[in-house]
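Protein chains: 2
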Amino acid sequence: MLRTRQQQAANKHNFGRAPLRRPGAVVAAGNHAVAAGGRQLPVQQHPLANIAENRLLHEYESMIKNAFDGIVPILKEISALQHDRDFQSRAQAIAQAKLGFSLPDSILDDAWVEQLDMKRLFAWSVFQTYKRYSDDFFAHDPLGNNDTKGFDEFLQACGFHTLDITPCSDGRLAHFIRYVLRLPHHSVRRKSYAGAMFDIDNNIQKWVETEMLRYREGVPNTADQPTRYLKMVAYHFSSVDPDHEGCAAHGSDTHQAAKSGLERLLEFKQAIENSFCCGASIDLLLIGLDTDTDAIRIHIPDEHGDISLDSFVDALEVFEQTQNMDASPARKHIEQTIEQCSVTAASGMKQLCGRLLENNMSQIMYVRNDYGRHYPDIGHAERFIGVGIGFEEKQLRNLMYFAYLNTVEESVADLDVGVSIFTRLNVSHGLPIPVVVRFDYHSNVPGARERAKQRCARVTRALLSRYSELAEKGFIQVMQLVRDCTSNGSVEVVDCTVDRKLVVGTL
Amino acid sequence: MLRTRQQQAANKHNFGRAPLRRPGAVVAAGNHAVAAGGRQLPVQQHPLANIAENRLLHEYESMIKNAFDGIVPILKEISALQHDRDFQSRAQAIAQAKLGFSLPDSILDDAWVEQLDMKRLFAWSVFQTYKRYSDDFFAHDPLGNNDTKGFDEFLQACGFHTLDITPCSDGRLAHFIRYVLRLPHHSVRRKSYAGAMFDIDNNIQKWVETEMLRYREGVPNTADQPTRYLKMVAYHFSSVDPDHEGCAAHGSDTHQAAKSGLERLLEFKQAIENSFCCGASIDLLLIGLDTDTDAIRIHIPDEHGDISLDSFVDALEVFEQTQNMDASPARKHIEQTIEQCSVTAASGMKQLCGRLLENNMSQIMYVRNDYGRHYPDIGHAERFIGVGIGFEEKQLRNLMYFAYLNTVEESVADLDVGVSIFTRLNVSHGLPIPVVVRFDYHSNVPGARERAKQRCARVTRALLSRYSELAEKGFIQVMQLVRDCTSNGSVEVVDCTVDRKLVVGTL
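Just so you know, the sequences run in chain order A and B.
In terms of our numbering, the first sequence opens at residue 1 and continues consecutively.
In terms of our numbering, the second sequence opens at residue 1 and continues consecutively.
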């Protein structure tokens, strides 16, 4: 029921005025799926796959990505008209009809003098599209699976009161929670770091806060419940081009990516054990993601919580082994595979890993049906850079390069990678790098909104100063946003390099 | 007993090889004290003052400040010899005898070519002196009053399990805990911010951690004890030159400094109350410090915890009213004064305020006996800038300008003020600004030392880049330090702009 309702709702979100555009959408046709370009793919089935959810997620992904990818062709169309007499009204008509928003008159006005400032128009369009996508997300919750309560109960039954995931900040892992693992994104804490190398001090703080809330407020459960904090790291690799399209932070070396993730996990565990008394500890889980197929590898811990780099369950193998079974034996097979991988693992850990594997079957089928053996964009193809703290709506693959940061100073490495990716993707084609700087805040903390705005301004200054050469030529455009998480409101634009005067009221 | 032993110990710390130099020390002579320059001051007494502690603290302060202030005359002496034949050995002999450490041969070696690089020699000497002062602090705990347990018990009896103080980061408040309030510095949490404008988010984290430890480990007491977290802000003003030597962050406006401090306190309280349930709250205290006399003003809260800007007890008045009494009536007078200021205050709060006022009597006497009505250096006279997280040993007035920070990016305002002060104090006389960048760490957290070193390097890079003009001319010299707080070890030098090659082994 829930899914059906959400699916109907998803069909309604056509970003308001602009029609839903999905030229590359795949439609199941008999036992073949039609991919972008008309190529026919054999339809893949899996007994454990959630077909309705796949359809919902795919429609959503296509709608959003098509909105971004439609910008360049539409701006080309507008550009071709720039010396026509009624250019301004025609341009606005096209923008309204096809993009769903109007363009800044101040930019169109000046076209006759030299030529249309396409860099600013492009950035404006990306920012507007992002804002509509973000508003839609917070207004309509289009990704479905809001069974937060059900998942929390399941997690606690498995012996965990918190699931805290650090994937790599690579845009090809942005959909890890909701698509790859098919989890309700509200139930999971996510903090992305380059190479999944999370900050231990920051994580200790989170652990402390979690324990305090359990003791003091009984949230999510009381401290006398024998559950643990589960920290998961998701490293990644590329099965198609392992030497080049793996994790940049680890030199595209899969073993190194996994090893570093495990080391960081162990350091975190040791930090908790050494810093707090009374048997304080946490549980660990290491997962690898093949960013070409979205198949995961789970390194199942043994009874002591120890994790082996060489011993894991490969979801792609499981998919192929179970593809032609019925649901019940397929589930049994998953259970047995986990059992074989780690006989001694705690039963709750096995249950959780079983759930993750089963969920991943849907995603493997999703990729196979829509793209064949692997995604066409195995490399970077992000549409913009996101910088700051927030971006809960970022649950789509290869849409945004995310630098989770408080200061540019601490995160130059992450940002340099992002800017270099976009220099290749955009600047080399004359297009600017659109950067969304955003800080979410809790409005129940006095002054928090003002401080979030100050953070935006500070980070923007630091960004424009670090990349001053690009910025001076208009190749970096920045929109600054804040958002109140307490009221689950939509984002609020506080400044924008495209046109500061336009910010108030227009965006 | 304890004080006597510590006093003996203090007499022994003469920084090792160099003799104790205190040309300006005051010696009580009959009913007069002899101040620097031979001027006689009438000896001030107070029935509640701790004379032995005053002597200990004064000897310590004189010893450290004289060590720093001796650098310039000794370097002048050495400079005068630079073209002599046996310059190098004579310079080293003077340095060893008078400064207590040798100078880098590499700098002395090059003197014959052009002339002695006094900027680097000066910075080296400041860094060495700082390091010896810091080592002495951690090795010998020269400030006395280690009755942490006694104070903690007193605090809890007053109804507080934590005393968390934010003074202004101005160097004239660096001695606030140990000298002005005469508290054991281990018992009090101190975080200095410009204008005492502490970071609310950071303070929420501290509150969360404190609550967690009470619930989980019963430290400092169990969570069922009806005690509260007490946050104190110390603003400051100048009675001698109120319009110029007050708090720079508040435009030397005393009312504004107090008002801003109170507002920040109320915001913090509201943040706790709004963010956590079950009656979570904190208690607040606002204190003003006259940086010329070290007399405090306590704004005593009423029974609801409300604080009035206009209603406070002035310690200087109390000092004069009680100076000629016996101890017991003097104490009674303090009690009555507090009672008059706030009849309805909680009895624990009154007790604590009484203790602070009584302790401050010693400090007022300290200043009067040693300097007369007020300090001679009512303005800035810091000897170096400290940057980072740590500096527990910084308990002396006007010795170090402290920018408590994690990144330069977030703290440019604080740093700009510091650099501008030192441009006046040092650069205008051809001397460089000595900056100590330091990050303390907990060695029980894996990788913490390495991360502390990386932070030092990052902050140093950002500093040298922000003040590149000064840095290129050698007017900013930086020493990088880390320190393990878990083992209470001494500081460890990790790099130094004076001479990188010298760092290993020599410093």
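Simulated from the structure, these hints should not be mistaken for laboratory data.
Any given hint could turn out to be false.
Pairs involving identical chains hold if they fit within one copy or between any two copies, as the list cannot separate such chains.
With a straight-line cut-off of 25 Å between C-alpha atoms, the simulated BS3-like cross-links for lysine-lysine are [as the list claims (entries may be wrong)]:
#, residue 1, residue 2
1, Lys-65, Lys-332
2, Lys-259, Lys-453
3, Lys-206, Lys-131
4, Lys-269, Lys-453
5, Lys-191, Lys-473
6, Lys-473, Lys-149
7, Lys-119, Lys-206
8, Lys-191, Lys-206
9, Lys-131, Lys-149
10, Lys-131, Lys-76
11, Lys-206, Lys-65
12, Lys-206, Lys-453
13, Lys-259, Lys-76
14, Lys-269, Lys-131
15, Lys-269, Lys-76
16, Lys-394, Lys-453
17, Lys-119, Lys-191
18, Lys-131, Lys-119
19, Lys-98, Lys-473
20, Lys-206, Lys-269
Hint by hint, here is what the structure shows:
In the homo-oligomer, the alpha carbons of Lys-65 and Lys-332 never lie at most 25 Å apart, since the shortest distance is 37 Å inside one protomer and 76 Å across protomers. Only between protomers do Lys-259 and Lys-453 lie at most 25 Å apart by alpha-carbon distance; the minimum there is 23 Å, versus 39 Å within a single protomer. Taking CA atoms no more than 25 Å apart as the test, Lys-206 paired with Lys-131 passes in neither setting, with 29 Å inside one copy and 35 Å between copies. With identical chains, the CA atoms of Lys-269 and Lys-453 are at most 25 Å apart between copies only, with a shortest distance of 22 Å across copies and 35 Å within one.
For the identical chains of this complex, Lys-191 and Lys-473 are neighbours neither inside a copy (33 Å) nor across copies (42 Å), given an alpha-carbon limit of 25 Å. Taking the shortest Cα distances, Lys-473 and Lys-149 never come within 25 Å of each other, neither inside one copy (50 Å) nor across copies (63 Å). Taking identical chains as interchangeable, the C-alpha atoms of Lys-119 and Lys-206 are never at most 25 Å apart, the minima being 41 Å within one chain and 46 Å between chains. Both within a single protomer and between protomers do Lys-191 and Lys-206 lie at most 25 Å apart by alpha-carbon distance, with minima of 11 Å and 21 Å respectively.
Proximity of Lys-131 and Lys-149 under a CA criterion of 25 Å is satisfied in neither setting, with 29 Å inside one chain copy and 56 Å between copies. Proximity of Lys-131 and Lys-76 under a CA criterion of 25 Å is satisfied intra-copy only: 22 Å inside one chain copy versus 65 Å between copies. Proximity of Lys-206 to Lys-65 under the C-alpha cut-off of 25 Å is found in neither arrangement, the shortest distances being 33 Å within a copy and 42 Å between copies. Proximity of Lys-206 and Lys-453 under a CA criterion of 25 Å is satisfied in both settings, with 24 Å inside one chain copy and 24 Å between copies.
With identical chains, the CA atoms of Lys-259 and Lys-76 are never at most 25 Å apart, being 47 Å at best within one copy and 57 Å at best between copies. For the identical chains of this complex, Lys-269 and Lys-131 are neighbours neither inside a copy (39 Å) nor across copies (35 Å), given an alpha-carbon limit of 25 Å. In the homo-oligomer, the alpha carbons of Lys-269 and Lys-76 never lie at most 25 Å apart, since the shortest distance is 54 Å inside one protomer and 55 Å across protomers. Only within a single protomer do Lys-394 and Lys-453 lie at most 25 Å apart by alpha-carbon distance; the minimum there is 21 Å, versus 34 Å between protomers.
Taking the shortest alpha-carbon separations for Lys-119 and Lys-191, neither the intra-copy value of 32 Å nor the inter-copy value of 46 Å comes in at or below 25 Å. With identical chains, the CA atoms of Lys-131 and Lys-119 are at most 25 Å apart within one copy only, with a shortest distance of 18 Å there and 54 Å across copies. For a Cα distance limit of 25 Å, the shortest separation of Lys-98 from Lys-473 qualifies neither inside one copy, at 29 Å, nor across copies, at 58 Å. Taking the shortest alpha-carbon separations for Lys-206 and Lys-269, both the intra-copy value of 13 Å and the inter-copy value of 21 Å come in at or below 25 Å.
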